[in-house]
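Got two chains here, each in a separate frame; can you build the complex from them with the hints?
For the record, the sequence lines run as chains H and F.
At position 130 of the first sequence (counting the first as 1) the number is 130 in this note's numbering, and the numbers step up by one without a gap.
Count along the second sequence starting at 1, add 1000, and that's the number in this note's numbering.
For the record, the hints were derived by calculation from the structure and aren't laboratory data.
We put the CB at the ideal spot given by N, CA and C, even for glycine.
One side of the interface only, derived from the structure: several residues of chain F facing chain H at Cβ under 7 angstroms: (1) GLY1311; (2) LEU1312; (3) LEU1315; (4) PHE1319; (5) ILE1374; (6) PHE1375; (7) VAL1378.
With a straight-line Cα cutoff of 30 angstroms, these simulated BS3-like cross-link-like pairs (lysine-lysine) come out: (8) F/LYS1511 - H/LYS103; (9) H/LYS111 - F/LYS1525; (10) H/LYS103 - H/LYS65; (11) H/LYS162 - F/LYS1155; (12) H/LYS165 - F/LYS1142.
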Amino acid sequence: MKNKIIYSLTIISFIFLFVIFYKGLKKPNFYQPKSELKKNIPYFSSINFFEKEIINSEDIFNQNKFYLFNIWASWCVPCKDEHMFLVNLSKINNLEIIGLNYKDNYENAKKFIKELGNPYNKILVDKDGTIAIEWGAYGVPETFLIHQNQIIKRIIGPLNTKTMKDIESFLK
Amino acid sequence: MLYSSLGYYALLLGFVSSLPIFFFSIKNFKDKQILDYKIITFSFIQLFLVFISFLGLIFSFIYSDFSNETVFNNSHTTKPLFYKIVGTWGNHEGSLLLWLLVLTLFIFIFLIKSRELLKKYRILTVLFQQIIIIGFFIFLIKSSNPFNYLFPVPKEGMGLNPILQDPALAIHPPILYLGYVGSSIIFSSVLAATTLNYISKTWAVHIKNWVLASWIFLTLGILLGSIWAYYELGWGGFWFWDPVENVSLMPWLALTTLLHCILVLEKRSSLSSWVIILSITTFTLSMCGTFLVRSGILNSVHTFANDPERGLYILTFLFILIFISLFIFFAFHKLEKDKSFSFSIISKETSLLINNWFMMYFLSVVLVGTIYPIFLDVLSSEQISVGPPFYHKLIAPFLIPFLIFMAIGPQLKWIKSEIIGKFYLVVIFIISMLISFLIIKKLNVNLLINTVLIGSALYLFLVNIRDFFSKKFKNTSQNLSHFGFSLLILSILFNNIFSSEIITNLKVGEKFDNNKFQIIFNDLKKFEEKNYISFKGYFSIKENDLEDKLQPELRIYNQPNIITSEADIKTTFFNDKFITMNTVKDEEYFNIRYQVKPFMLWIWVSVLLISAGGILSFFTRRIE
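The shape of chain F in the complex, shown without the other chains (with noise of 0.2 angstroms):
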């Protein structure tokens, strides 16, 4: 009750604080040759505000306080108290809340971080941000208050849904929301750099930071993500093309995208329109992710929450977002002639370009697969759902030239390069090729396109072995992140090859042979957990002498009541042997689930090499 109130009333202060912001900001956009310290001041308090709001929603989870209706919807008593803490931003009010508080907290390192820069610029930042800022307000204020009050209080609350209660997803949506949110302070920056004119080196060098850092959260948040989907939703994949999904890909193929483009605006003073409008999309896409997610417009496993009248207001604000960087974009940005944007077709450049536009398509494959369902009900009244032989079809054959133009790019020099003394990429080239296709051969999957992917995929790993050695650690960040690109094409390709999978109905007592492996169903326990009652399977599986014990997990969950199904992975080096088990019906039989999962580990070891490059450089600029 009292964390409550606080929460709510300091939420209504950090909402008022925004208007001496503005105030101070326009009057010193005219006044004085430096930055008034009030805008700092006040954004500082904006942001306790924000934070002592978010610690009171924190407390109201912490003591169940269900007068508060969103501590209500989502804990219970017997919930764990990580999970409780953890359920606060597991819900929409709250996450909303922590959006708001990432905003003002990125808002206000950026205005220490900025000391150097054109006092306009910085100003303008602040105005544009706290466009966004007050609009974040204005929503969850009017629409999803995270502390509404309830009467007569409640004695029990609803609890948590089950599959949310997991280590990996409480970390998750925080994660993906710093990525999220970061391209806030990319889009601000953007708008004010192009209403001054001031798109340029010194602007491209010191943004890149935030779009390396906005790049990086975002990348571990979908690694996050993907792991949770993996071991809890219990399908044995790690990326469904779900809608939800894609909504955090997108913004993450334009901020890939950009992070390049910046690149070469920083080295070559060009492509500054490429990295305006990458700067818009990026954060666009961020926005119409939470429009998606939160308006409940599309159907997905992820759909926790929705509410129309919620979609309406972030539908609005969204596209009001919009209009306003277009009218920036159109009457501000000079189409200068790049004087100094020449350069031949062998170059950085070009493959760069090519890259870029390559990117470009992979975005309109997602965007389409992801909204196109939706103009298809609306203008026909015809329900069709986009699954992963879409995306399959029209992404894996261009990613074959991609990747031969990511291993060569970072070969070659900016403006020309010549031509001799770049044989070994094609003797590289043909060796990858070969290898692929003894591979291919051995294993019978007689497919051309198969041997050109993976031997593309394997012409970027050796390149990029190479330049471990050959350029001396000079732009390692680089090279670590296409090492790690690479991998993780391979090793999706071989996951998706080799994997295999046996569906059985198995007894306590029995087994299941198949003359490769045994699995065998040796025992059922029963446990009481503190919210939950599990029964535990326990397997045995034995492949030429080896034997794997194996305990897939039946969850019954008190609060709310819902039985979920928790696999046993048992992960090594090469494969992952994964298990679940499910009850069928009436009977004492159990559905079992077993799958040989290929080289999954080194999906997530090479998302995190990707990331680990973005990390490098983001702390060797700064040593720098």
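If we strip away everything but chain H, and leave its shape as in the complex, we get (with noise of 0.2 angstroms):
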């Protein structure tokens, strides 16, 4: 009888471990800061890179599009490895790029565009690194994809095949 009981409640939380560990696989899990998502874009103005004017962020992210808000710099290795991913993404119609050219010396910077195109729609200037600051950017490169002010997804490095697909499927 004892034993019978020790049997059942061994099967028991056995099958409950099982259970655990099987919902814990169906869970998404990647390194995502939580506090970062679903939050609104931070408020901010900078200097147009070629036009040099003063521009706001309610202007820039206004319209129902999708944005993806990239900081690069043209000292920045991995960046010109994740150039050409964002050169293809920028020719989906409705994905506007906006590049935020972070502690950055404007000559290089320009080459840098010049020498392998130049994906974005908008550049911003961040000479100071304080607007970085604002989005809790972590380091150069890195990629929020903004819709309706909102950051659904963040990608922390260089962009890759893999990231390229994930931001494709949110824009479908």
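Below, the structure written as structure tokens:
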């Protein structure tokens, strides 16, 4: 009798363990700071890279489109790698790519764009790096996908085939 | 292309050769008196085929055959040859193939080495082992095929994660696997022995070799992983209580306890339930480790590959094995009233049992710390991360009685021991507490727990030193391992208390001075290597006219494009000087982290001593 109780209790607890693990598997699991998601984008103002005019964030992300906010710099080696992905993404219609040129030298940045192509609809300048801090960026490169003023996806580090597909799946 | 297909078909054939093994085993089980030689032959064929398959994968890596998906994902033409070969098991598919290779190798060795044992027991062990082997075959072929064909053939591969390009990590997985997979033999064998009611002295003597061998490999495997984390991750720690480290520690804890229980079973024919449950637990935890690491259910610095579908397969397989073993345990194991198992309170058995329970406690702490976050996430969607303070708080206090019993236990006799003549134990205890008190007092780290903890470790240390001389090298292996363990705890404690760290930003030509010592950034040079560019910083540390030169590195790997920071470590007898540098984005400044870590060398040495005890025991038994 006592044996049977132990037997069934063990079985039940292992079944419970199985269910938990099973459910745990189904949960999406990537390193994504939770607090940063579904959050409204920060308000900021910056200078336009080419036109050198002051521009407010409200005037940038104001349409019913998807925006890709990409932090980059000419001195950043991985940025060169991800650039071709950005160029590819720039061909998509309902996506606007906004670049944030982070702590960069203007001439170098211009050369960078000239050599590798300009995927950006707008480039903003973040000379001292404060805007990146506002966004809570970890480093360069970093990319945020924005829709209706909310961050819906965040990619830390350079874009690659997989993250590009992820972005495209949002746009469908 | 050729090697890849060769490997694939060898793998398939290896899978098919499980059939005749099954067939002849079942036929032979009731039949004749002696073991059918065909079983051994087919086991060898299976081993041979898996070996060919593994070679096929290695050659695909050597020749950078990018039509093979595994090679494409994990290799690159500019990678040095050594890392091309090592890359074979640096990834999910390859490492599983290695698992399978060791599985088939071990069952073959088992068959050869168990000639004098009961035929039915040998056959049943083979059958249980085949269930595991088939499980791995299906898993490999179905969801992690290392020989997937890619078309069109890519020109260049994706490269191996640079932090894996390291000699210590090259041999770490195979050694760890030898330990893990060795526990599979123990598992199959214990199930077979339980079914036949064969758990006995003879069996214990035979299985102890397997337990010892797995234990040695597991210990060394963990040591290598830890050394790697120490100098490669660049955080200056050697154990981070990271889930992936924990999953290797848990089977180790279970296996260590099992080792002690087997001793009792061998000498006193008791604790059979402990032995059965621990054998099952050890293997289950090893499998669980594979599940947790490979499924991506846990977030960890080590999670290199993850795929939920694979996780589901391992999970199902794991639970099937658990239920089979539970069924066998409940259905066949007779809880005999241990007639021989009566002993007095002061005896070796008591201290062994007490420490078994402590080990189980440590195991539960690590288990809870590792899987509780999953439970919480599933049940309440709340995400927590369990860190070192949890483990330190729950483990450290309980180490005190554990260490004391570890010191006293070997001094006692089986069944019943006299207190008379054990006066020296009390004297040594008082001496060690006094020494520890003096050390701690001098340091102004006024903490009661530190005193007692160091005191008890010192106690074990001194008692063991005394044993080396007084016991005239009888039971040296146990003595050596326990001595190593005391040294390990002492080194870890001193390391924790005395470590110091400086973090500062410097540029070339600048120096940092804090009255005690100076850090001077002399120069920065650029080197181009085959698959990375290296920036080497030249630093000198000046302390009381003594000067040390250290050269940490920043490496920019080309494929994949990752920056790694290579620490430079100067190891001396008493401490390690550890320096890393990192970029501070756009400026010419570098972030310098300088650490002094006392007794680091002793941590590694003591673990080596622990395993040396095991190795000694393994070989002396052979000679006897």
